[in-house]
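Enquirer: Single-letter residue listing:
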Amino acid sequence: MLSIKNLHARIEENGQEILKGLDLDVPAGQVHAIMGPNGSGKSTLSYVLAGKEDYEVTDGSVTLDGEDLLELGADERAAKGVFLAFQYPLEIPGVGTMTFLKATLNAQRRARGEGELSTPDFMKLVKKNADELEISMEMLKRSLNVGFSGGEKKRNEILQMALLQPKLAILDETDSGLDIDALKVVSEGVNRLRSPDRSFVVITHYQRLLNYIKPDVVHVMSKGRIVRSGGPELALELEANGYAEYVEAA
Amino acid sequence: MNSIVRPIKTAAETALVEQFTAAKASLPGDKSVRETAFGAVVEGLPHRRVEEWKYTDLRALMKDAKPLAAAPGKAEIEAAKASAPFASVRKPDALLVNGALVELGAMPKGVEAVSLAKAYADNHPLLAKFGEAGAPGDNAAIALNTAFVSDGLLLTVEAGAKIDEPLHLAFVQQGAGHAAYARVLILVEEGASLTVIESHTGKGAHQTNSYVELLAADKTDVTLFKLQNEDLATQHLATLAMKLGAEANLTTANVSRGSALARQQIFVKFEGDNTKASLNGISLSGGNRHLDTTLFVDHASFNCESREQFKQVLDGESRSVFQGKILVRQNAQKTDGRMMMRALMLSEGCEADLKPELEIYADDVQCAHGATCAAIEEDYLFYLMARGIPKKDAEAILIEAFIDDVLETVEDEALRGEIHAVTHDWLQARD
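Each protein sequence line maps, in turn, to chains A and B.
The opening residue of the first sequence carries number 199 in the numbering used here; numbering runs sequentially from there.
The opening residue of the second sequence carries number 22 in the numbering used here; numbering runs sequentially from there.
Chain A extracted, bound-state conformation (with noise of 0.2 Å):
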């Protein structure tokens, strides 16, 4: 599914390298976590992979299926199934969240060839997806994740995730700012998208987040490089450790 190989991207505007070399292979229907202290280049990551514009990649390859996800763009790689979960979805006022979730769906759908969803499809099944994920009608009314409270901007990424049916999804620090109930929830949701014909990169600080969604590897990153993986059981040792050792070690 998706094969990164010795990937280096730095920071366009100033040049700072931040991944450095950076190996990761995760087959079709796994889900991989990814933990590391703050800057070791997890966000980054997220970001190179969904194709911001911020970022230089200056070697190394990154496949989807065989296919080179960087000479694409953001949206090409979005229609080619990646999916970015953002740490900070973004407040959007004036763009109704109802028009850009069919904007969205609309155009993934076009760039695959696929006809158009009809309204009343499109409605059946935003209102199937957000029932499950407690999001009410009222709420998607509104401008896109205006005055949405964290758990609510979640939720609604996971809703995203949930009708676009990507095939790499990216969590990025989706446990952030969520209390345990609406990590419950948000657990569920992507539990339910789990399938063997899609995979997962979790990126979180904390283990919390991977007892409700169970990884099958966990890499530990440093300084812009995977250090280490393991098994499910290097996150509880991680918590009860802590990254000291790879921030010196990398």
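Treat the hints as calculated values from the structure; they're not laboratory data.
Accuracy of the hints is not assured; some may be wrong.
Claimed, not checked - In silico lysine-lysine, DSS-like type, Cα no more than 27 Å apart, as pairs: (1) B:413 / A:351; (2) A:421 / A:382; (3) A:365 / B:412; (4) B:413 / A:300; (5) B:183 / B:130; (6) A:250 / A:322; (7) A:339 / B:412; (8) B:412 / A:300; (9) B:240 / B:224; (10) A:382 / A:365; (11) B:412 / A:250; (12) A:218 / A:421; (13) B:130 / B:45; (14) A:339 / B:413; (15) A:339 / A:325; (16) A:365 / B:130; (17) B:183 / B:95; (18) B:412 / A:278; (19) A:351 / A:250; (20) B:412 / A:351; (21) A:278 / B:413; (22) A:250 / B:183.
Fit chain B to the given chain A structure using the hints.
Expert: Okay, now just chain B, sitting in the frame of chain A:
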């Protein structure tokens, strides 16, 4: 106005003098009014050293003065009828082709309409009301209109009349390059309510000049919506002057999308206490176009409220000007005025000139103004693109969001839909 010696006249200035000399004998109405008005421009057009025209140097921008439009023929009238916009909302109640009123529909009960040409012929008493809204007669756009205008419309809404359906005044240009002048007076008597849609459309490199005056008495409720969607080669000078009585309500929305050079002047005078006005505008420029909105709000009464909200979207090498001034006179205590102007700049080569001004002589008022210029927020763009929306579509969504709150001031849903179509059309035409 200015004392600069200018021995050489531009081609446009020379042509205007020639036109006025040739036409004045045949123009209707009081000749001395026309002579006086033309006196303001006989020495020349305003230029960048005249403060109000600093950002729109009419002398430099107006390359020629097109001949006065002849009376439209049958074919032109039919073509104009077929092309008038907003057909789904309201067919034209008054159709003006090349400045001439060619069709006047049956008015709703409580509204009286007279063509200006007829009013001149009959020496109609309403002619005495011209200029009563208080806009300066020596303003170049107003002066030219007063000097050359021969047709238009006089509307009276009788006291207490609630006119539910909007009245649509359609100004359509047809044929080859000409100058078209039109003047409208709207008199709304006490307690009456009215909505007017003013549309300006057509094809050809024309020069148009319209002057609309609103005299709204006490306790009136008036909404004026204007779409300027003329040919991209036209020069459009327009003035909207309004005088409001006590406890009145006014909403205006101006959408400026067409023309190579357009200047929309808006003058508002609060003549009675406890009145509210909401003044809104959107301008969409591109190419080498130059769109100007100049606003003057005169708070001359107690406890009035004004809200000014103007948004400009600029693309290409275009220039967009918004200058707005709120004057609060000494007796206008408890004035509450808030003016916001925002420009969204989509290209490297565009220029936005925003000039907010407050001049306050009363000591118990709340006034604020703000101005912003910005490009599209890159983070917003990335968020939309990361969901699969192509860049141009994502930009379109964000541009529509930018002007959304101004559009919201248009309450009529069908009309709002038509404006969406205009903005959509502009967005599609972007490179």
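Enquirer: Taking 27 Å as the top limit, are the C-alpha atoms of residue 339 of chain A and residue 325 of chain A close enough?
Expert: It holds: about 12 Å lies between the C-alpha atoms, which stays within 27 Å.
Enquirer: So if I understand the rule, the pair passes when the alpha-carbon distance is 27 Å or less; does residue 412 of chain B with residue 278 of chain A pass?
Expert: Holds. Residue 412 of chain B to residue 278 of chain A sits at ~16 Å (cutoff 27 Å).
Enquirer: Residue 382 of chain A and residue 365 of chain A: Cα distance at most 27 Å?
Expert: Since the Cα atoms of residue 382 of chain A and residue 365 of chain A sit roughly 23 Å apart, the hinted pair holds (cutoff 27 Å).
Enquirer: Can you confirm whether the C-alpha distance between residue 421 of chain A and residue 382 of chain A stays at or below 27 Å?
Expert: 31 Å, violated
Enquirer: Check the hint pairing residue 183 of chain B with residue 130 of chain B against an upper bound of 27 Å on the C-alpha distance.
Expert: Distance of about 9 Å is within 27 Å: holds.
Enquirer: Given the hinted pair residue 412 of chain B and residue 351 of chain A, is their alpha-carbon gap at most 27 Å?
Expert: 23 Å, holds
Enquirer: With the threshold set at 27 Å, check whether the alpha-carbon distance from residue 351 of chain A to residue 250 of chain A stays at or below it.
Expert: Within the cut-off at roughly 20 Å; holds.
Enquirer: CA of residue 413 of chain B to CA of residue 351 of chain A, is that 27 Å or under?
Expert: 25 Å, holds
Enquirer: Would the pair residue 412 of chain B and residue 250 of chain A pass a check requiring their Cα atoms to be no farther apart than 27 Å?
Expert: 12 Å, holds
Enquirer: With a cut-off of 27 Å on the C-alpha distance, tell me whether residue 339 of chain A and residue 412 of chain B pass.
Expert: With Cα atoms ~24 Å apart, residue 339 of chain A and residue 412 of chain B stay inside 27 Å; holds.
Enquirer: Check the hint pairing residue 365 of chain A with residue 130 of chain B against an upper bound of 27 Å on the C-alpha distance.
Expert: Distance of about 64 Å is beyond 27 Å: violated.
Enquirer: Against the 27 Å threshold, does the CA-CA distance of residue 130 of chain B and residue 45 of chain B hold or violate the hint?
Expert: At roughly 37 Å apart (the allowed maximum being 27 Å), residue 45 of chain B and residue 130 of chain B break the hint.
This entry does not satisfy hints 2, 6, 9, 13, 16, 17 and 22, going by the numbered hints stated previously.
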